[in-house]
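Respectively, the protein sequence lines represent chains A and B. When you line the first sequence up against our numbering, it's residues 1 to 392, in that order. When you line the second sequence up against our numbering, it's residues 393 to 784, in that order.
Just so you know, these hints were derived from the structure itself, not from any lab. A couple of the hints might just be wrong.
If you want a taste of the chain A side facing chain B, the calculated C-beta under 8 Å gives, among others [claimed, not checked]:
1) Gly100
2) Cys111
3) Phe222
Here chain B is said to cover these stretches of chain A; the calculated rule only asks that three of the stretch's residues, wherever they fall, bring their Cβ under 8 Å from a Cβ of chain B [said to hold, decoys possible]:
4) 102-109
5) 259-271
The structure presented is a predicted model; accordingly, all values stated were derived computationally and were not measured. The beta-carbon is built from N, C-alpha and C at its ideal position, and this holds for glycine as well.
There are 2 protein chains.
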Amino acid sequence: MDYHFSKLIQGIRPSAADRMLEQMNDPELLSLAGGNPSPETFPIDEIRQASSRLLETDPIRILQYSVTEGYAPLRKAAREYFVSRGQHFGPDDELIITSGSQQVPDLAAKCFLEYGDVVAVEDPSYYLTLDTFRSHGIRLAGVPMEEDGMDLDELEKVICSYHPKMLYTIPNFHNPTGITTSLEKRQKIYDICTRNHVLILEDNPYGDIYFGETALPLIKNFDRQGSVILAQSLSKIIAPGLRVSACIANKRIIQKLVLAKRCADVHTPTWGQYICEQILVNLDMDEHIRKLRHYYKEKCSVMLNGVEQNFPEDVKRIHPQGGMFMWVTLPERFSMPDIVEAALDQKVAVVPGNIFFVDQNAPCQSIRMNYSTPSAEDIEHAVSVIGTILRG
Amino acid sequence: MDYHFSKLIQGIRPSAADRMLEQMNDPELLSLAGGNPSPETFPIDEIRQASSRLLETDPIRILQYSVTEGYAPLRKAAREYFVSRGQHFGPDDELIITSGSQQVPDLAAKCFLEYGDVVAVEDPSYYLTLDTFRSHGIRLAGVPMEEDGMDLDELEKVICSYHPKMLYTIPNFHNPTGITTSLEKRQKIYDICTRNHVLILEDNPYGDIYFGETALPLIKNFDRQGSVILAQSLSKIIAPGLRVSACIANKRIIQKLVLAKRCADVHTPTWGQYICEQILVNLDMDEHIRKLRHYYKEKCSVMLNGVEQNFPEDVKRIHPQGGMFMWVTLPERFSMPDIVEAALDQKVAVVPGNIFFVDQNAPCQSIRMNYSTPSAEDIEHAVSVIGTILRG
């Protein structure tokens, strides 16, 4: 049979993501290409204990169908946890459990966007969310990044020219650049968007992994008008294989997200929800997050030091203030794709930056390097391999 | 802020499903309205054992990100299981693990359908799948049901008039009617659709729960042209809270489904996939299914007997040959909504049939009654309550 695939799915190109996943299966490869949290941070013993306790005392509720909006005690525990980390809940805000925060743009697109609508995005941004929007027939309008967050003049121009219905932003330790949006810009992004009736989808997978003393407030914390949809994640602070995240927004938005989620997967699997509830309630989360921050900060330092020692001085780097990624931009004398290929020949994988841009075919000199997954030794080795290639 | 929800999500009405779920939370209510498998059929001990073994030996792989197409040993075990139950795998067929079979129409719509396209559906059909199509802007063309499956003349007319790209069908123990599509009609449905370049989405959540000696072959078993997308489920034979199902189709289709799934939820949670693999490999599934069939057949008999004894003779009933549901149609002298309300006043819930139709506002005399969830005693009592109402 001749298949006539939809225009939407034909717009999604498998190459970049598939290649990264294939690379992950090569045991000889030293990969800075992934974005996995380190398994050393998983609370494995607590998960084991919670699991055997729950399967002993409450197996049927764990194995039976459940409600779309999520297991009520987890919704409560997640809310209390996020509040303890500084998130404001407005009086009209509600929380829905989602199957990873990847599900949030998928549901939000269904609820708010029509085929052909425009979403403004940081350019570059997380490629899989861009693909999610593309898979709904959404046109993307890129807003260039500066070292303290998106270029606000460009944001205003994009709003003026393309009338986006939504802005997608990752203010904390942005993927792929590691950039932290400044407090001033967070407030202005909220003001500009709200004034122009643009919804904000704020994605916060890395917010708890800040390397300084305190975290900046979320854009959601400025939200008095119900115009921010916040995607929070437990993947980086508990474990990603559970696929348990949360979305917080005005209750009228949440009602629609529930309808869309029911059509998508009925509900997030029950075991993972119960486990997350038990972890949030029983684990000393302050202490756990302290350890996590320390752990990733150390990893980041190893990469930063390696880059300082091995990379030519004119390679531009952004010092991450948190998160899992470092973004470096090569001067014009290099061909970025050639450098990526040369590194791969020596069994070191990084992500070519172009896959994160709205226009994936535009010339690009940047690469993304991950320091959360590999060991300190592997980071040192990988960075020195790339440094040697760059120094010719 | 004034929200401008998409036309698509505005087309999804919460009332019916929400009401059913609310009713499930009323402990005094005796509900024939759900569709949950009986927890008595869950292999709880085996799940406990598999879980503690896996979390002991392989915690990191269970808690880390995984691949979109599904855990490879589960894909193998699921394939072998389905083959052992009589499903043919064509040489070009592949299998993807999905987050419940609910995810299959969602992904298939993204891969094959454009806004405004038509899908032919049995009328009535499973309301949540109809909503999934509606949430993609798909127009539904209903094909009326006969006691041996859909009316094929009407199917041909629908194809001629509306040019659907896809047919959605539940040939085994159809939800909501319990109807089994005859062998002859299965072959003809395949021939008619393939001749007209209409893809078939065959949904088989209840296929293993047949009450006779053998099951009829799936439509997928006739598939020589790669035109059938088969949604298989482990929800009814292992446990639904795991949200682990599988979709089998030509590998070129599966490749696209993988892209769509990655954008939707990255992958199905890992723990549930590992558990299902262990159950399929270690449990005597033939014996497990034998027990399950016997258990549900008994429950069905209780309901059938209750209906024979309590309902007026002119209430039309379809004798299920498997599955979880019984469909009864009241003569014109009754108002179906009034009967449903009167039963609810006496704390017995059933589903008004209209929610399963393409046109939910058309007059409807049918109700769906579930016998998988309530106990035999509760079935007897509930049916006698409805019988007393019907007899005035």
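Hints, one by one, checked against the model:
1. Restraint check, A:Gly100 versus chain B: the minimum CB separation of about 5 Å is within 8 Å; hint holds.
2. Hint status for A:Cys111 relative to chain B: holds, with the closest Cβ pair at about 5 Å, below 8 Å.
3. Residue-level restraint check for A:Phe222 is violated (minimum Cβ-Cβ distance to chain B is 13 Å; threshold 8 Å).
4. Residue count for the stretch 102-109 of chain A with a Cβ under 8 Å from a Cβ of chain B: 3. That meets the three needed, and the coverage hint holds.
5. Three residues within the 8 Å Cβ limit are the bar, and the stretch 259-271 of chain A against chain B gives 12, so the coverage statement holds.
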